[in-house]
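Residue numbers (this note's numbering), protein chains in the order written: chain A, 1 to 348; chain B, 1 to 348; chain C, 1 to 348.
Careful: at least some of the hints might be erroneous.
Identical copies look the same in the list; a pair holds intra-copy or inter-copy alike.
[Said to hold, decoys possible] In silico lysine to aspartate or glutamate, EDC-like type, Cα no more than 20 Å apart, as pairs:
1) Lys124 x Glu90
2) Lys348 x Asp72
3) Lys346 x Glu61
4) Lys217 x Glu187
5) Lys346 x Glu75
6) Lys271 x Glu118
7) Lys124 x Glu279
8) Lys217 x Asp52
9) Lys271 x Glu282
10) Lys271 x Asp301
11) Lys124 x Asp280
12) Lys124 x Asp319
13) Lys348 x Glu67
14) Lys124 x Glu282
15) Lys299 x Asp321
16) Lys287 x Asp252
17) Lys271 x Asp236
18) Lys124 x Glu272
19) Lys186 x Glu249
20) Lys287 x Glu126
Derived from the structure by calculation, the hints contain no laboratory data.
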Amino acid sequence: MQRVAACKGCNPSARGFSRPTHRRPSRRSGAGLVAAGGLSSLASVVESQQFDRPMLEELFEVAREMERITEDGSECKILAGKVMGTLFYEPSTRTRLSFETAMCRLGGKVVSTENAREFSSVAKGETLEDTIRTLEQYVDVVVLRHFQAGSARIAADAASVPLISAGDGPGQHPTQALLDIYTIQKEIGRVDDTKVALVGDLANGRTARSLAYILSKFRNVKLYFVAPDVARINEDIKEHLTECGCEWEEVDNLQSVASEVDVLYQTRIQKERYGDRPEDYEKAQGKFIVDEDLMRLMKQDAVVMHPLPRVGEITPQVDADPRAAYFRQAKNGLYIRMALLATLLKGK
Amino acid sequence: MQRVAACKGCNPSARGFSRPTHRRPSRRSGAGLVAAGGLSSLASVVESQQFDRPMLEELFEVAREMERITEDGSECKILAGKVMGTLFYEPSTRTRLSFETAMCRLGGKVVSTENAREFSSVAKGETLEDTIRTLEQYVDVVVLRHFQAGSARIAADAASVPLISAGDGPGQHPTQALLDIYTIQKEIGRVDDTKVALVGDLANGRTARSLAYILSKFRNVKLYFVAPDVARINEDIKEHLTECGCEWEEVDNLQSVASEVDVLYQTRIQKERYGDRPEDYEKAQGKFIVDEDLMRLMKQDAVVMHPLPRVGEITPQVDADPRAAYFRQAKNGLYIRMALLATLLKGK
Amino acid sequence: MQRVAACKGCNPSARGFSRPTHRRPSRRSGAGLVAAGGLSSLASVVESQQFDRPMLEELFEVAREMERITEDGSECKILAGKVMGTLFYEPSTRTRLSFETAMCRLGGKVVSTENAREFSSVAKGETLEDTIRTLEQYVDVVVLRHFQAGSARIAADAASVPLISAGDGPGQHPTQALLDIYTIQKEIGRVDDTKVALVGDLANGRTARSLAYILSKFRNVKLYFVAPDVARINEDIKEHLTECGCEWEEVDNLQSVASEVDVLYQTRIQKERYGDRPEDYEKAQGKFIVDEDLMRLMKQDAVVMHPLPRVGEITPQVDADPRAAYFRQAKNGLYIRMALLATLLKGK
Chain A
1 MQRVAACKGC
11 NPSARGFSRP
21 THRRPSRRSG
31 AGLVAAGGLS
41 SLASVVESQQ
51 FDRPMLEELF
61 EVAREMERIT
71 EDGSECKILA
81 GKVMGTLFYE
91 PSTRTRLSFE
101 TAMCRLGGKV
111 VSTENAREFS
121 SVAKGETLED
131 TIRTLEQYVD
141 VVVLRHFQAG
151 SARIAADAAS
161 VPLISAGDGP
171 GQHPTQALLD
181 IYTIQKEIGR
191 VDDTKVALVG
201 DLANGRTARS
211 LAYILSKFRN
221 VKLYFVAPDV
231 ARINEDIKEH
241 LTECGCEWEE
251 VDNLQSVASE
261 VDVLYQTRIQ
271 KERYGDRPED
281 YEKAQGKFIV
291 DEDLMRLMKQ
301 DAVVMHPLPR
311 VGEITPQVDA
321 DPRAAYFRQA
331 KNGLYIRMAL
341 LATLLKGK
Chain B
1 MQRVAACKGC
11 NPSARGFSRP
21 THRRPSRRSG
31 AGLVAAGGLS
41 SLASVVESQQ
51 FDRPMLEELF
61 EVAREMERIT
71 EDGSECKILA
81 GKVMGTLFYE
91 PSTRTRLSFE
101 TAMCRLGGKV
111 VSTENAREFS
121 SVAKGETLED
131 TIRTLEQYVD
141 VVVLRHFQAG
151 SARIAADAAS
161 VPLISAGDGP
171 GQHPTQALLD
181 IYTIQKEIGR
191 VDDTKVALVG
201 DLANGRTARS
211 LAYILSKFRN
221 VKLYFVAPDV
231 ARINEDIKEH
241 LTECGCEWEE
251 VDNLQSVASE
261 VDVLYQTRIQ
271 KERYGDRPED
281 YEKAQGKFIV
291 DEDLMRLMKQ
301 DAVVMHPLPR
311 VGEITPQVDA
321 DPRAAYFRQA
331 KNGLYIRMAL
341 LATLLKGK
Chain C
1 MQRVAACKGC
11 NPSARGFSRP
21 THRRPSRRSG
31 AGLVAAGGLS
41 SLASVVESQQ
51 FDRPMLEELF
61 EVAREMERIT
71 EDGSECKILA
81 GKVMGTLFYE
91 PSTRTRLSFE
101 TAMCRLGGKV
111 VSTENAREFS
121 SVAKGETLED
131 TIRTLEQYVD
141 VVVLRHFQAG
151 SARIAADAAS
161 VPLISAGDGP
171 GQHPTQALLD
181 IYTIQKEIGR
191 VDDTKVALVG
201 DLANGRTARS
211 LAYILSKFRN
221 VKLYFVAPDV
231 ARINEDIKEH
241 LTECGCEWEE
251 VDNLQSVASE
261 VDVLYQTRIQ
271 KERYGDRPED
281 YEKAQGKFIV
291 DEDLMRLMKQ
301 DAVVMHPLPR
311 VGEITPQVDA
321 DPRAAYFRQA
331 KNGLYIRMAL
341 LATLLKGK
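Based on the sequences and whatever the hints tell you, model everything.
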């Protein structure tokens with residue numbers, strides 16, 4: 001069950017789940033998105049496939065250092081004098097506040113907009129590249145949230161300062177995938193040799209897709225996909241996993257899986273994607289609920305994760321269970337974003 | 001005219017003007033909202049009734065220290081390394097900027113949203129409790145503005161970090177009441193033994209109501225209520241004052257009261273609450289105006305206060321009068337909010 | 001070609017292109033808008049005419065110091081302990097982020113609103129003066145963006161803290177004019193003895209107008225106006241230049257001018273101002289394009305400037321030309337705003 005070394009899917013620009021790329025050489029280092037020299041040569045963060053396993057391990061080490069800094073509580077000056085600009089073309093308050101707090105906790109400062117569409121309004125018609133090239137005159141790092149898949153890479157190519165994607169539409173949300181895998185490492189103590197159930201809206205949620213990809217870089221991971229019929233995982237991911245030698249199984253019964261897994265990763269059925277099919281939403285929403293009964297089936301050292309927000313797919317009674325890891329998972333997002341900012345900006 | 005010691009209205013959870021509460025023990029300290037050990041054991045700020053008289057006096061002492069820090073002008077590091085998150089479900093720019101400046105002046109940092117509804121949109125359906133539990137993973141203190149009465153308490157119960165209410169709909173706006181009473185103390189030199197006229201929209205404005213409650217904790221305070229017929233003060237407050245032994249009188253003539261009082265507290269007729277009754281608004285708006293003629297009737301050591309914004313209920317000519325205290329009152333809001341933040345966060 | 005010493009147009013409050021003013025004496029210094037004692041006595045920034053030539057030279061010296069500070073990269077504490085409030089009545093993300101970064105890079109902090117209309121909503125009806133007098137209780141300097149010409153001066157008159165205009169509707173945008181002239185000085189090495197073509201929407205764009213005015217303070221500047229018929233420069237400016245002894249010429253052929261000038265200042269045709277005349281917009285938009293062909297006609301030491309955003313009036317192929325100065329120009333905006341903030345706040 002070793003992963004196939006040369007799987008194209010594990011690297012950027014491979015076919016299928018990654019758009020072809022024709023990057024002009026970065027003005028910063030000439031390096032591609034996958035940093036040849038490991039984490040220290042990272043130039044921008046646009047997709048989780050940039051991170052190979054040694055880089056992930058380096059990143060986790062930095063994230064642990066960030067935990068120590070945060071818990072220490074005294075003023076940190078690692079990024080004192082640095083300014084981060086957040087450029088959000090659609091609101092994502094939770095992600096924005098996590099990035100902004102990360103910068104603050106490192107001693108840096110933040111300038112911010114949630115109205116980035118105004119920057120390049122239809123009336124004015126500025127390109128994303130121009131917006132980035134303007135903003136980089138001011139700030140030391142750009143955090144971009146955009147509504148179009150592929151825009152993060154376009155922006156990173158245009159930028160001469162580091163850029164971190166905070167999600168690009170139906171595309172990637174790399175920091176979510178990184179914080180998810182970091183949470184598994186912290187909670188379970190390993191990522192290799194784990195069984196992970198991905199539950200809920202696997203068709204529409206990029207979170208579950210991204211996590212599946214990143215898990216395929218580890219050894220002996222078994223994935224269970226538990227989704228309502230209307231929201232099953234796409235074929236491309238299953239093909240990728242098979243190609244990587246990562247075992248997977250589609251299951252229709254959450255109970256049967258609950259006692260098997262180390263991680264139950266629940267996701268929200270995204271009502272906003274069922275606009276014209278409310279009956280499909282209702283059917284999907286109620287099907288797989290994590291409640292106290294289900295928790296009784298789970299192993300004592302397993303955990304429940306969720307990218308949040310949740311609606312009713314995990315009942316509030318579960319919150320008190322020490323295996324409910326979703327709020328700790330949110331905190332890990334802070335540490336991972338601190339680690340990325342520190343890595344990209346330290347010594348620059 | 002001593003206040004009745006055991007008045008239920010002066011304490012949280014009492015009947016009538018305070019909703020019944022069934023708090024689960026705070027995860028922070030197990031303490032109720034009224035801090036048994038005085039100001040230093042304060043966990044969150046959700047209503048002005050939390051503050052008994054010794055706590056108010058302690059708070060004023062801290063606020064005076066904040067004035068010294070601010071006037072000194074050099075960089076203050078009391079809250080260096082701390083991050084405040086503002087979570088505003090409705091815009092209140094003035095209050096938000098006051099809180100944010102308060103945090104900045106103490107050396108802390110701020111992350112902020114005025115679009116908090118997006119956090120828990122109808123489509124996504126996150127509960128306020130979940131939003132708070134997520135935000136508290138990032139920040140050291142939450143400032144909440146909400147449109148529903150009672151939400152501040154719900155949020156404070158859910159939070160494991162200190163929470164300060166910046167107003168919850170028609171409910172409480174505790175920091176406004178605290179800055180008002182601090183302004184009286186500063187301007188008049190005392191709160192006991194004062195005569196205070198509350199003027200304007202006493203039915204709809206929570207400001208006047210809150211101030212009346214907090215004044216009832218002091219000795220020998222006489223309150224005059226001067227409101228248009230359509231906006232008279234509610235019965236519950238009059239009952240509470242009577243119960244406390246606090247003297248009050250409803251008056252229809254502002255002139256007759258002006259020469260009596262130490263404090264004339266003017267408020268804006270809230271046009272937005274008269275949507276379907278424009279004639280009522282017009283009648284109420286023009287009735288009690290503070291202008292230069294009225295100022296001539298007032299005592300030389302009296303002051304005019306107003307929570308701002310004003311429309312025409314105090315004429316601009318009054319601004320030059322040294323007894324016009326409303327902009328100094330706004331500044332006191334900064335000091336009180338600094339004092340609360342410093343109290344809640346220092347040494348944590 | 002010397003400028004006429006006493007031209008009323010070069011000073012504030014002169015007739016024609018500057019509104020009459022009846023300022024009450026500033027509460028800060030009693031000084032008028034033109035600082036008698038040079039840059040150090042500057043109280044507020046509301047229009048570019050406040051800056052005479054010695055003040056501009058002083059300002060440029062400070063801006064150069066700001067460049068050194070920024071490039072040094074270490075934490076700057078010049079404005080540590082100071083708080084800037086941005087009060088934007090209309091969004092202008094680019095300008096706001098430039099000001100906010102400027103304050104951050106000087107060690108100061110920022111509180112910010114893009115929803116300033118809420119401060120004084122129709123329903124509430126607060127005056128701009130009251131809003132300013134409230135905000136100044138909190139912050140050390142106000143940056144105001146407003147939609148009405150003249151509002152910056154009204155606000156500066158009301159303020160007892162320094163105020164900087166970030167543009168007031170069709171009125172002035174003084175920091176843009178200052179950064180433009182600073183860019184010419186840096187790129188060409190002088191402002192005297194230059195030939196400058198202003199191209200594009202000269203009727204609607206305040207940028208070109210402001211630059212023309214400020215250029216008239218220098219010696220032996222020749223201006224070319226190159227605009228489509230529907231967007232020609234207004235008579236008042238031409239009269240002003242003639243009065244100042246500044247040579248100017250209206251030209252219909254960009255090619256013929258390109259080889260002559262030291263600076264080609266391109267501007268965007270503002271589509272939003274052609275709402276009911278789309279055919280006029282189309283005609284104007286395509287008429288004068290800066291592309292690689294045009295660049296071949298230009299002198300080797302000339303530069304192309306643009307206030308940004310651009311649409312198609314400079315083709316992306318031009319960006320790689322070292323004479324393309326528009327992104328460097330954006331960066332100069334940061335330095336000029338840092339210089340103004342440092343000047344207004346240092347030692348206060």
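Hint by hint, where does the structure go against what was stated? Just the numbers, ascending.
Violated hints (numbers, rising): 10, 17 and 19; every other hint is consistent with the structure.
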